[in-house]
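Chains as they are written, first to last, in the working numbering: chain V, 1 to 434; chain B, 1001 to 1277; chain E, 2001 to 2329.
With a straight-line Cα cutoff of 30 Å, these simulated DSBU-like cross-link-like pairs (lysine-lysine) come out:
| hint | chain 1 | residue 1 | chain 2 | residue 2 |
| --- | --- | --- | --- | --- |
| 1 | B | K1076 | V | K56 |
| 2 | B | K1006 | E | K2021 |
| 3 | E | K2216 | V | K182 |
| 4 | B | K1111 | B | K1141 |
| 5 | V | K56 | B | K1006 |
| 6 | B | K1006 | V | K346 |
| 7 | V | K10 | V | K346 |
| 8 | B | K1217 | E | K2216 |
| 9 | V | K117 | V | K56 |
| 10 | V | K228 | E | K2216 |
Label pairs and their computed distance ranges (CB to CB):
| hint | chain 1 | residue 1 | chain 2 | residue 2 | range |
| --- | --- | --- | --- | --- | --- |
| 11 | E | A2267 | V | D161 | 51 to 59 Å |
| 12 | B | F1038 | E | A2267 | 24 to 32 Å |
| 13 | E | G2044 | V | N347 | 34 to 42 Å |
| 14 | V | N347 | B | P1104 | 35 to 43 Å |
| 15 | V | A286 | E | D2137 | 33 to 41 Å |
| 16 | E | D2198 | V | A416 | 56 to 64 Å |
| 17 | E | V2195 | V | A416 | 51 to 59 Å |
| 18 | E | D2198 | V | A189 | 19 to 27 Å |
| 19 | V | A225 | E | A2267 | 21 to 29 Å |
| 20 | E | G2163 | V | Q221 | 50 to 58 Å |
| 21 | V | Q221 | B | T1039 | 44 to 52 Å |
| 22 | E | H2247 | V | R203 | 57 to 65 Å |
| 23 | V | A202 | E | D2198 | 25 to 33 Å |
| 24 | B | K1076 | V | R203 | 44 to 52 Å |
No lab work stands behind these hints, which were simulated from the structure alone. Idealized CB from N, CA, C, for every residue including glycine.
Spelled out, the chains give:
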Amino acid sequence: MSGTDAFSPKIVAYVCNWCTYLGADLAGTARLEYPPNVRIIRLPCTGRIDTNMVVKAFEVGADAVLVSGCHPGDCHYTAGNYHARRRWMLFRDLLEVVGFDMRRIHFSWISAAEGRKFQQTITEITEQTQALGPYRPYEAVPARPQCGTGASACQPAALADSPAQTQLRETAARLLSDGAVKVVIGYGARGPVFITSPEDAARLVWNETCFANLTTYLKRQEVRALGKPAIVVKGCDERALVVLEKESQVDRAEVYTIGMGCAGMGQPKCAACDTHQPRLANQTIASDGAPAAAPVDRYLELDLLLARSPEERLSFWTAEFDRCLKCYACRQVCPMCYCERCLADKNRPQAIDTSPHRQGNFAWHLSRAIHLAGRCVGCDECTRACPAAIDLRLLNLSLARAAETKFGYRAGMDPAAEPLVGAYSLTDKEEFIR
Amino acid sequence: MQNLYKPDLMEVIGVRQHTSDVKSIGLRFQDAERARQFTFRVGQFGIFSAFGAGESTFNICSSSNWRDHIEFCFRKVGRVTEALWQAEEGDTLGFRGPYGHGYPMEEWRGKDLIFLGGGIAMPPIRCAIWWALENREDYGKITVVYGARTVGDLVFVDELAEWAKHPRVDVIQCVDPGGQTPDWTGEIGFVPTVFERAQVPADKAVALVIGPPIMIKNTIPVLERMGAQMSDVYTSLENRMKCGVGKCGRCNAGPVYVCKEGPVFTFQELQAMPLDY
Amino acid sequence: MTTLTQDALRKLVGEWIAAGKVCVGPVRVAAGTVLFTRLASADGLLLDGWLRPANSIKELVLPRHEPLYGYRADRNRIELLDPPETVPEQIAICAHPCDAAALPILDKVFNWDYRDEAYNRRREATTVITLACTASDAECFCTSVGLGPDAERGSDAMLFDNGDGSFAVRTLTDKGRAVLGEAGAQGGRTNPPPVRFDAKEAGQFAAGHFDDPFWKLHALACVGCGACAFTCPVCHCFDIVDERNGHDGMRARNWDACQFPLFTLHASGHNPRHTQGDRQRQRIYHKFHMYPEKFGETLCTGCGNCARNCPVGLGVLPLVTEIPHAEPV
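Here chain V stands alone, though its shape is the one from the complex (with noise of 0.2 Å):
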């Protein structure tokens, strides 16, 4: 290129060290020219390549990336890509509702034989590259704001002074008084309670605002610190247990759950609800008043926005995650947010920027997301959190559709189930994976 066309397109190629690493190698050996703009990064294996390494090449400026390994039943690690597959499958639905230009994101896989294979694939990307022109995401322009007038998506159910509330209340202070637990997580007036003395059971409620995933606290050391709990759940919120207790982070023998019947808080999750009765509870109190009416498509805003073309749907996530403020409420209610220390809170390296700018932001959410895939229980808790509004559940629906669409997986549905992202099959689908 010389001249007027002054644009040169900057690649970026995460590639394994055993396979692809010396595929490239041996096409330098062989003499087979293909384009200098890729600029190879070395790693193990692609199982390590963090998904958010690919959003950060975009952050630096590159116009595209290839992520390449050894092909299925090759690896060095003998799962690595099985691992990493799984994970792109998910990411790129990711990708694709948040709006990013999919003809930029390539994923291979390349022997170290294949020396002829990295050239061709190095000179396709880069020519495809030159065409589509410099890319440029964290410039795209805000879209306005559309907002319906406040309404909310369904009523929640007239629930003050029910009698499932006097069962509840009579069942804590019960559990309490027989020494059965030492506290009993509930919701009160204003918000979550720890009761620990029959008496204050009381304070317990049981309405239309008892929407919190109380199970986010079953992480916390202050709580843990009271003695054996029992915890006070919905349907919804048990989904959270079962994925807990899969990974581990939760002995269900050590919690005494009460499960609430419920037919709607009147969140806008409610409406899609199909996990109105907890299933596995220790206890069940059945819920008062009308049952809830059969649920909507749960993915229904998710087409509307699918609808849209990549360039609106770019634009409408940097209007939302502009807002972004980093106070991390969403991760601090979600009951699968329980790493001791998040990924965003280390600086060796910096996976991701701390700032609330636009690259700071686009890398938090999207890892969070994918942090998430096939273990997010939709309970939405991060969205009625963020001071900002930003539609979190849209972004946790993108995966949990992929998960239910591609794996037929519902996050804490099955309590046999095996983790998503944890196991790998060897039949997972890569069309997408030269």
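Once you have looked at the hints, place chains B and E on chain V.
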């Protein structure tokens, strides 16, 4: 426009490695005019930085009489200190300061000086010792008790030996039991124990005690037994800092900002402060 | 002019935007959320009724992310680059008295011996047009911290809702007069919220009960996010970060919060405030004891944003009203 957070650019003029994870670095201002006008009081601190890694807070451990450069000493524990560890002569680092109150060396005139330090706490004591030696007539007897876990953890060992050669200066080095080497000629024991053994009168003295909380906790009773007033026993507090100028709200220990109203406090002041550091 | 219709105000806002001024006002950004937002036009500006935006206008003087300076690194040579000298003129439209009063309160810490010129430049460039409150909700407590629905502190001009699509105008400072002309209308009825607690008592309790089990008990529900601090008009704690990409880098300050576990974590691993109870106490202590002792100001304007935004029902008012009225032991 004055930018409160903009650092001075400093040239690394020397790097000394003291232990497997402790180095001290000498810096010279790149701006000659700034070098000429820069002064500080011993006990003040600076915010030193590696460009690309970030900023970190360290005491300025050189004497303020040394006009041509400043020094700081650090242990390699995290991102910034790892980057500082890589610095070589000729590299550029950042410096903001001097911040905080230094030691009231003028008030200490005419008194005996007792310096008690543990491990990486020697650098903030070192600057005061050099100042006292450079203004020798202003101060009485000087006693230094400095200890570390092992011999390999002692820092500024050559200077410790040099100080001992000065008149009316007693330097006692110690290591924790089990931390000695076969040829160790110093004391064996924790700093408070060794200090008590030394029976140093403290009624006409000012003491500077810096070290891990357990060392301080056990040293105070000894000082009291030796006749010290808590208003004459000083320490330099550490707390996590960022701005250094009393704005970012991070370093307050109870009602005081350690960066701006400290880091030097007497134990009388410390006893009135809640345990927020 | 002593009366301004909503249309006339929108027209003025349009002119200010066209003149390159940064205008910030309440905008509905999602179905249930109104935020002070930078206006691209006067269209989205909400002027009807009483709204308490879920954020504050402190962003105008202390941005959530503020580059302090840039640098260019070439081997071992560093060149420092200053941020631009001038800040555009900024106008806050329909702030509340609890938002406006925050600014003179923040002036104190940002000029405490060391003058923070980055803050001062923005402060100098900011004009605050305050809309006096005609209502309040259960989370409001401005009257408990010495303010009220028509308090003038920090405002350059006051608007009083006439209830008929127009405002009565009173300009208070030169800045106010520069944007709205000379105007001296009086305010109308105000409906102040009842006083709910004694701010001095709250400060004394925090100071005298540092290790009281009260804090641990009442902080159990706190999940340790920064929603309260970040939506507060006067919380101002910040972090300084270094971000580098190849040869270019910059240092910036970002909002930070005492509720985060890492806020006071030492490199050694020691954390003076290692439980959430310690951190909740710090918030009340800073706001009601330390800041008043140092600067003679309560670091709270009673806006209630902390409680409204807290996902678990905590906040200054819920916590302080639990403080026992007994004398310290």
